[in-house]
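Colleague: Here are the chains, one letter per residue:
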Amino acid sequence: EPEVTQTPSHQVTQMGQEVILRCVPISNHLYFYWYRQILGQKVEFLVSFYNNEISEKSEIFDDQFSVERPDGSNFTLKIRSTKLEDSAMYFCASSEWEGYTFGSGTRLTVV
Amino acid sequence: QQQVKQSPQSLIVQKGGISIINCAYENTAFDYFPWYQQFPGKGPALLIAIRPDVSEKKEGRFTISFNKSAKQFSLHIMDSQPGDSATYFCAASLAGANNLFFGTGTRLTVIP
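Residue numbers (this note's numbering), protein chains in the order written: chain A, 570 to 680; chain B, 4 to 115.
Interface residues of chain B toward chain A, partial, derived using beta-carbon atoms under 8 Å:
1) 35
2) 92
3) 105
4) 106
5) 107
Just so you know, the hints here were simulated from the structure itself, not pulled from any lab data.
In this text the structure is predicted, and so the values were computed from the model without any measurement.
Even glycine gets a Cβ: it sits at the ideal position worked out from N, Cα and C.
The whole structure should be built from the sequences, with the hints applied where relevant.
Modeller: So this is what it looks like as structure tokens:
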């Protein structure tokens with residue numbers, strides 16, 4: 570069964586540093602997403618990406634966040650200057666429209 | 004308005020019993036209601052989904068009941084098994100959009 574692959578599985582970073590989270594969506598999917606889940610809380614939408622541009626974003630997705638599809642297969646989330654409150658599990662997902670497939674997540678710990 | 008309220012927060016069911024998880028929403032523009040299952044250390048996995056034009060959808064042991072007038076929907080797991088122990092999230096998306104608004108999750112434990 571096709572999978573969404575995320576790397577790394579766990580990242581620890583110093584506050585103020587930049588991080589890049591990487592994802593390889595399912596190859597025939599057209600829509601790509603990032604969600605986050607703070608420990609013990611609900612899954613929250615960050616951004617959706619279609620046709621090489623952001624289609625929707627939440628209020629969480631402020632200027633410190635950016636997404637890119639640099640080479641037609643990878644989909645990345647960059648956090649420019651990490652804060653302690655950015656510590657969370659970040660999930661990438663892809664879909665043809667509805668019916669997402671989520672990756673296993675990257676646990677980001679900001680210290 | 005974009006909130007999806009989920010209850011209970013945790014649920015313990017005997018093996019073979021029925022697990023019932025409930026969700027409620029306010030925004031009548033929601034038109035797609037999926038349920039996701041999440042095991043520890045894994046991403047959410049789509050379990051079953053429904054649209055508001057039907058009142059019930061069944062897939063194996065999993066059934067969604069949908070009450071449009073009450074703006075509520077629920078997941079029923081029949082013959083619950085220890086392998087069903089996981090966190091379950093309801094979600095909703097707006098017509099014409101596909102980003103999901105998730106409920107707060109229900110941790111289900113099925114005891115043998």
